[in-house]
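Here is what each chain is made of, one letter per residue.
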Amino acid sequence: MAITRGFTGRRARDPRLPPGQYDARDEWPVLHIESTPALDTAQWTFGVEGLVERPVSWTWDEIHALPRSRYAGDIHCVTTWSKFDMTFDGVSVDTLLEAAGPLPAATHAVVLTHSGYTTNLPLADLTGGKAWVVWDADGTPLTREHGGPARLLVPHLYFWKSAKWVSGLRLLDHDEPGFWERNGYHDRGDPWSEQRYQGD
Amino acid sequence: MTDTSAGTTHRRTLRWQQARVVSVRDETPTARTLRLALPDPRPHLPGQHYVVRLTAPDGYTASRAYSVASAPDGTNEVELTVERLPDGEVSEYLHDVAEPGDELEVRGPIGGGFFAWTGDTPALLVGGGSGVVPLMAMLRHARAIGRPDLVRLVVSARTGADLYYADELAGPETTVVLTRADLPGRPRGRLTADDLAPLVRADEVVFVCGSPAFCDGVTDLLAAVGVPVGAIRTERFGPSG
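Protein sequences, first through last, are from chains A and B. So the first sequence is numbered by the working numbering: it starts at 1 and just counts up by one. So the second sequence is numbered by the working numbering: it starts at 201 and just counts up by one.
Looking at chain A on its own, in the form it has when it is part of the complex (with noise of 0.2 Å):
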């Protein structure tokens, strides 16, 4: 690693902050490559399909009907920002995958959208806790920019992952990059090992 002339850096670094990460503070950029959608929440629905038992689709009501859980913690964005101490209400994508059972041969996921994005994720990142389909962040509804009503959360990943206007999982037995990764972003994007192209 080549050091820049005459660059210092920041010092007292915020030790939550992955490598290369700056703290956005009030900020929440919005990045998406799309047209912002505008769907209501009686269009909404969100579908478990694939390698399952028995494919789920449920509306907004009754995915609301679901028993609730939520995430507090950072999130963090390819694009270098992080956002600390956030609180997303949802439901657990562990709940949704139960209730579509999983067959023994799913190893990963793809990701739907309503704006036809896509992203693909191991199926080890999606269970055990570690993400959520939600609609209110910090305790108002996901506004529309921000992937409303409704947006995966898988906050463990960079938020490229963290799907926006989710619509469904597709359950396979391999990888299969969605938009971004056949577009030369990493297949994982872990922000601690600075996942963010192939290659990384």
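No lab work stands behind these hints, which were simulated from the structure alone. The structure presented is a predicted model; accordingly, all values stated were derived computationally and were not measured. A hint or two may mislead.
With beta-carbon atoms standing in for the labels, derived distance ranges [to be verified]:
id: 1; chain 1: B; residue 1: PRO300; chain 2: A; residue 2: ALA124; range: 46 to 52 Å
id: 2; chain 1: B; residue 1: ARG347; chain 2: A; residue 2: THR140; range: 36 to 42 Å
id: 3; chain 1: A; residue 1: THR127; chain 2: B; residue 2: VAL224; range: 47 to 53 Å
id: 4; chain 1: B; residue 1: PRO398; chain 2: A; residue 2: ASP26; range: 35 to 41 Å
id: 5; chain 1: A; residue 1: MET86; chain 2: B; residue 2: PRO229; range: 31 to 37 Å
id: 6; chain 1: A; residue 1: THR87; chain 2: B; residue 2: ALA256; range: 31 to 37 Å
id: 7; chain 1: B; residue 1: ALA402; chain 2: A; residue 2: ALA38; range: 21 to 27 Å
id: 8; chain 1: B; residue 1: ASP367; chain 2: A; residue 2: HIS174; range: 51 to 57 Å
id: 9; chain 1: A; residue 1: ALA124; chain 2: B; residue 2: ASP367; range: 52 to 58 Å
Sample of chain B residues facing chain A (criterion: CB under 7 Å; computed from the structure) [claimed, not checked]:
id: 10; residue: LEU254
id: 11; residue: THR255
id: 12; residue: PRO412
Ideal placement from N, C-alpha and C gives every residue a C-beta, glycine not left out.
Got chain A sorted already, so can you dock chain B onto it with the hints?
Chain B alone, transformed into the frame defined by chain A:
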């Protein structure tokens, strides 16, 4: 959204390389263009970006992405235009410290085919503030290949002093809108549907780049003048230093 894998970064390892700063040029009081020579150049598409990584002696690093402003010109050099952000640790370094002869670690070009223009189809380009940078790469490319007729570029800035690439903007393919200063024939004010309507053509892509609020505002205006939302490609520049 059109899902595409046409980008030149398709599943390819992006290696860091040591670029040399060839020249620096101020675009506005808060925007500076760095021309970089690359030891391992790769052709870019207008709309793609590079990541610049700074490393302190203690190993601390900071990196930010910056759009390529130059057209692909067959040389081993690219130009990045950097907006100076308040308290932006990378942009402040690039403005205040970096000078010709310095080595900077970069990787790219990054960005898929979605927000990149290959120069073979007509396109409307709408940029706000620093959002003009990737669109300027498109306009420069159109001019370089002798097809300026393919694009129309609309630029919104606060005042004339905030206009990037001002000396290159003149031309029949460009429209300048100032939100806080009057222009001959156009009083100050935000972009309107009346500004865009004469420039819209059927069956073409519209590239919109700027702040999230700018992108959403322009998307609404374009929809109001009949552009299908699926034909609009946006790149949002959120705060980053």
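Status of each hint after checking the structure:
Restraint check, B:PRO300 to A:ALA124: a C-beta distance of roughly 49 Å satisfies the suggested window 46 to 52 Å. The hinted window of 36 to 42 Å between B:ARG347 and A:THR140 is violated, with their beta carbons roughly 48 Å apart. Separated by about 50 Å at the C-beta atoms, A:THR127 and B:VAL224 satisfy the suggested range of 47 to 53 Å. Between B:PRO398 and A:ASP26 the beta carbon distance is about 40 Å. The supplied range of 35 to 41 Å therefore holds.
Separation of A:MET86 from B:PRO229 is about 35 Å and conforms to the stated range, judged on CB atoms against 31 to 37 Å. Taking 31 to 37 Å as the suggested C-beta distance range, the pair A:THR87 and B:ALA256 conforms, at roughly 33 Å. Remark: the range hint 21 to 27 Å for B:ALA402 to A:ALA38 is upheld by a beta-carbon distance near 24 Å. Checked against the given bound of 51 to 57 Å, the beta carbons of B:ASP367 and A:HIS174, roughly 53 Å apart, stay inside it.
A C-beta distance of roughly 55 Å is found between A:ALA124 and B:ASP367, which places it inside the suggested range of 52 to 58 Å. Interface restraint check for B:LEU254: the shortest CB-CB distance to chain A comes to about 4 Å, inside 7 Å, so the restraint holds. At a threshold of 7 Å, the smallest CB-CB gap from B:THR255 to chain A is about 5 Å, leaving the interface hint in force. Checking B:PRO412 against chain A by beta carbon gives a least distance of about 4 Å; that is within 7 Å, so the hint holds.
Checked against the numbered hints given earlier, this structure breaks only hint 2.
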